[in-house]
Amino acid sequence: MTDYTRSEIHLCVNGQSHRLNVDNRRTLLDALREETGHTGPKKGCDRGQCGACTVLLDGRRVVSCLTLAVAADGSDVTTIEGLASDGELHPLQQAFVQLDGFQCGYCTPGQLCSAVGMLAEHAAGWPSAVTTDVSAEGPAPELDAEEVRERLSGNLCRCGAYPSIVRAVLETASRAEVTG
Amino acid sequence: MAASSTSPSPAPSGHQALRPNTAGTSAPSARMGEPPLGAIGMARPRVEGMAKVTGAVRYAADEPMSELAHGWVVTSTVTRGRIRDIDTSAALAMPGVLGVLDHSNAPRLNLDAGSFFGPDGGMHLLQNDEIPHSGRPIALVVAETAEQARSAAMALRVTYDEEPYDVDFSLEHPAARPATAFFGEDATVGDVEREVAASTVAVDERYVTPEAHGAAMEPHSATAWWEGERLQVVDSNQGPFLVAMTVATLFHLEPKQVRVRSLHVGGGFGSKSGGCGPQLVLAVMAATMFNRAVRVTLTRSQVFQTVSMRPATDQRVRIGADADGRLRAIDHTAAFEVSKLADYLENCTELSNTLYAARAIRTRRTAVPVDILPPYSVRGPGATPGSFALESAMDEVAERLRMDPLELRLRNEPRVGPVSGLPFSRRNLVTCLREGARRFGWATRDREPRTRSEGHLLVGTGMAATSFSAGALPSTASITAEADGGFTVAIGASDIGTGARTALTAVAAEALRIDPERIRLLIADSDLGPAWSAGGSRGTTSWSWAITGAAAKLRSQLAGATLPLTVSFDTTESLGALPPMERHSYSAVFCEVTVDPATGEVRVRRLLGMFAVGRVINPLLARSQLVGGMIMGLSMALHEEGVRDPATGRHVNGDFAGYHIAAHADIPDIEADFVPDYEPGDPSGIKGVGEIGTVGTAAAIANAVWHATGRRHRTLPIRPDRVLEEPPPR
Amino acid sequence: MKEFSYQRPGQVREALALAADDGARFLGGGTNLVDLMKDGIETPNRLVDVRGLPLDGVRDAPDGGLVIGATTTNSDAAAHPEVRRRYPALSQAVLAGASGQLRNMATVGGNLLQRTRCGYFADSSQPCNKRSPGSGCSAIAGEHHNHAILGWSDHCAATHPSDMAVALVAFDAVVHYETLDGTQEIPLSEFYPPVGETPQRETMLPSGALITAVTLPGAAASPRSRYRKVRERASYAFANVSVAAALDVNEGVVQGARIALGGLASRPLRAHAAESALQGAPATADRFGVAADAELSAARPLRDNAYKVTLARNLIVAVLTELAHPAE
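Protein chains in written order, with the working numbering: chain A, 1 to 180; chain B, 1 to 730; chain C, 1 to 328.
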């Protein structure tokens, strides 16, 4: 009899293809941590309440602890381990190091993946809960500190690195604007 | 020092290897005599920063391990009583299950094991059928995978005989008793009653703070296995050496049989200090029972239920003052919860003993045993809730005197310890107050509350003064001068996010007079020798002292020595020789809040702390820690509260959706800066920075909310429903 | 978590057939369902993933309104230019919920079906009539700081957690669903039944039904609309009280008002009494207060949540005032 409680899935993690046979109960977070060797994403709560497990799923930030691995079948996953390319840190990673955007570092993988996803959302013109006029047509709302804070609020940090994180994101965003 | 910086003679052959590859022609012995390189005081990014931003660092639950079994903790669903039965039959029949540990089969522990406060029943898990508090671990299900263990844990059938419980803590609780005098006796200076009676104004108020959790982002995880007679442990904790000692005691082992490592730790805030955590006790039991490597990782809700918290406090503060603001009396009675399982001291009166001069000072600390999880230190233990009470009361004195609260503080500077009579080693509170006030623009503040508004928002400012005791505790470091020119510095320190790796590298570099790049720092391993933990704002001071001591010793022995050469240094004797003094860090915290009286929403708009924390090893990292501390204080002021069910005594908001810690959106840009300071009783002149940021912040915010609204908040957190105002009658 | 099978069909009929068994559940973003499965509160034996169905996206409706497909993510719904232009309070409500990550996962259909955040519901060791009918309600005598003040019964005092649904109720949204018998629709205002004696019955959806879309009528389009939410931190927390409102004012007189309230009851509440009280009234804070009182006079606070009456009243007045006088 076929085991209907397991599934063959395919994940592309940081550009590398993985074929896995997973228990349907397995979350994407556990599949990454236990099966594909990506322990960067962290299990801070396992309930979608802290953001430490944030990864990019087909380019969008999600919490991997509430994503079933089987439901992510066929997806591209980017974890913290995949943000740097060719040994070159992502500008956000660099800014985090320089501006001390972390202390214990446990929420950092989630903060970074979330920030990368957030910048793309902003560039796509998405408003946020603090956008004064969501109906405004035209360019995206200006990415100021208040916007960054609201948009990153799904990533808790108990060490209180928030101000440095916001600074790192704003600095990276403004540098990206300058260099186009 | 044998060598001088001008020595023309060739260095002894053993020294040649000390020459750095890129160095010029000067003999290494000469280099060793050069003045400090300025490693201390430099803003440098964290040495492990690259690894942290790429996901490469491994925390306890990240260590790959072959043949690993997983334990799932089962906790009590009742608040007090006895276990009637744990039916494991269904669980044992499930796939992958190796077994279930409970009080009927768990290894017997040494019940003398505990913390500084004595035996700690909080660690004595699975020893009997008693349920002392809700959430008590009562079983561990061990299986091949975590999913299997979790499923089997849900299949356990546990029945209880419930007994009446008592979680109704207050200052007036009939079981209230004098607290342990672990940190010294209560103060009795002068005649408080007479001085209060003679005062022009007297404040007499109650301040209440709730149970609060360290809530570090990394849930506690331990992996334990036996290698022959040796127990190996990878664990999330704040001090591997002290944890190893506790494990040895608990499991009747020789200290050298236990090795504990904690390479990277995802935050502590006290929650990973104090003996050893439930994850570790249970992992060692399971590793012993199944002769396998076993990993036990707590769920977030289990972290809330099973790992120590800051106890609730109920404090009465009376302050009497003359019309000119001079204090006549400080009378601080502080009650806090303890568990019946273990003693503990939430030393709420620390600041009342030392912060202000007064003719009479009386402190009384009261412990109230109730049926709760054993409380223990959370960032700034005692001082943090105590400061909320004292500094709120000081603001109330200023209000009644119609005096600037800053001026009130300035008028009550003591010359010597108001209770101890001891001299202050360095007391830079006034500098903090004045410089903080200047930067904040305090001088233009309205005296009257509820005078500023912007649209529908009320705006107010508040401040608080703070101290936090400074010092070091015995630790041992060893340094090896390697044949390749490097130096291996080994100390059982733990970097829980404090930046210890970076700071100790700088301290070692300065002490050895070499480039930090030549240092190889080994930490986070109990095999590295006795060392204090990352706690009490004494981690960096304790470890630095040992390192500087070892460095001096090494430098004195290097001439002519054969490499590698290892020396070690134990600080116990030096610390014992320190003359008793009042040694503290100081800070002044200023803040501006907006309050929407229609909704009760309070937002902190500006927060500034000026700190006197001794010499600053690395301003980038120290500032981060102070800012982080202030954020935890903000979170305490506005958000955090462990809620108990009035109907069952259970902690009911044990997750991050229920126990709110400040999120990005709650936090403004925060300024933390240093005034020049130096601790003469420390070889590097340093004090701790880990906790003082948290201490004064809640009071500063509460005082700002008063200034904005005209209403005092003496109970934390300052939730919207507590601030919300009824509309004026039509 | 109990073991389950998983399917991801491409067609609605196929999905309906797969979900016909007892114990099957549709899986959208999983942000609520997977969470509850971890603690055994939800124990499906089959998950039918609806995200492969052709139900994604926002399109124009013939009446000038919008059709929002059930599998549209919360993020896409909130960011859609026409949602933002015609129903800005809906966009704001969605953005006020959860976090950026969760909104990228959660679907519009799933949002309407999310379960209460009452702590006792999520704790299988405690009595809860919603989870285990007849076991009792722990909240009424227990911890209920954030529970209902309107419409609760002795059987349950839980609140509905959705922000989005509050705005949808204000805009007269209609829920479209499909069963093996065909397609049906029901106004969202009638979608959630009163608590009464059956708190376990949370929606009017027949068993096995699949929400396919939510429509917003063109007549309800309200560029001047607003959602405000009060919670215990500035973001990433469930509401204590929330208000969605639209206001049409001409020469200082209210021509029409739409008001819906969140955090107060087992369902998002349309404030009909308040709306009637405003019709033709001067757009003043006083009259907004009268309207709020008309709605809240029925409130029956529990021991520890009376603040919600004041908070709801103040919030209604604040939002209406803001809509009436945008510059202030």
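Incorrect hints may appear among the rest.
Sample of chain B residues at the chain C side, in silico, Cβ under 10 Å [stated by the list, open to error]:
| # | residue |
| --- | --- |
| 1 | Arg58 |
| 2 | Met245 |
| 3 | Thr299 |
| 4 | Ser301 |
| 5 | Ala561 |
| 6 | Thr562 |
| 7 | Gly600 |
| 8 | Gly654 |
| 9 | Ala663 |
| 10 | Glu671 |
| 11 | Asp673 |
| 12 | Glu726 |
| 13 | Pro727 |
What the hints contain is simulated information worked out from the structure, not anything from laboratory work.
Note that beta-carbon positions come from the ideal geometry of N, C-alpha and C, so glycine has one too.
Requested in this report: Would you check whether aspartate 673 (chain B) satisfies its interface hint, that is, whether its CB is within less than 10 Å of any CB in chain C?
Outcome: Nearest chain C Cβ about 26 Å off; hint violated.
Query raised in the report: Does threonine 562 (chain B) pass the interface check with chain C, least Cβ-Cβ distance below 10 Å?
Result: 59 Å, violated
Query raised in the report: Taking 10 Å as the limit, does the beta-carbon of alanine 561 (chain B) come near enough to a beta-carbon in chain C?
Result: 57 Å, violated
Query - Interface hint for arginine 58 (chain B), Cβ within 10 Å of any Cβ on chain C - result: Given a least distance of 24 Å, the restraint on arginine 58 (chain B) is violated.
Requested in this report: Mind checking the CB of glutamate 726 (chain B) against every CB in chain C and telling me if the closest is under 10 Å?
Outcome: Hint holds; glutamate 726 (chain B) Cβ to chain C Cβ min 6 Å, cut 10 Å.
Requested in this report: May I ask you to test the interface hint for methionine 245 (chain B) with respect to chain C, counting a Cβ-Cβ separation under 10 Å as satisfied?
Outcome: Hint violated; methionine 245 (chain B) Cβ to chain C Cβ min 36 Å, cut 10 Å.
Requested in this report: Would you settle whether the hint for alanine 663 (chain B) is holds or violated, based on the nearest Cβ-Cβ distance to chain C being less than 10 Å?
Outcome: Status holds, d = 5 Å.
Query raised in the report: Holds or violated: is there a CB of chain C closer than 10 Å to the CB of proline 727 (chain B)?
Result: 6 Å, holds
Query raised in the report: Against chain C, with CB atoms and a cut of 10 Å, does the hint on serine 301 (chain B) hold up?
Result: With a closest approach of 9 Å, the serine 301 (chain B) hint holds.
**Report entry** Hint check, glutamate 671 (chain B) versus chain C [nearest Cβ-Cβ separation less than 10 Å]
**Finding:** Result: violated, 20 Å to nearest chain C Cβ.
**Report entry** Agreement of hint glycine 654 (chain B) with chain C interface, Cβ distance less than 10 Å
**Finding:** 9 Å, holds
**Report entry** Interface hint status, glycine 600 (chain B) versus chain C (Cβ within 10 Å)
**Finding:** At 7 Å from the nearest chain C Cβ, glycine 600 (chain B) passes the 10 Å test, so the hint holds.
Violated hints for the displayed structure, listed by number in ascending order: 1, 2, 5, 6, 10, 11.
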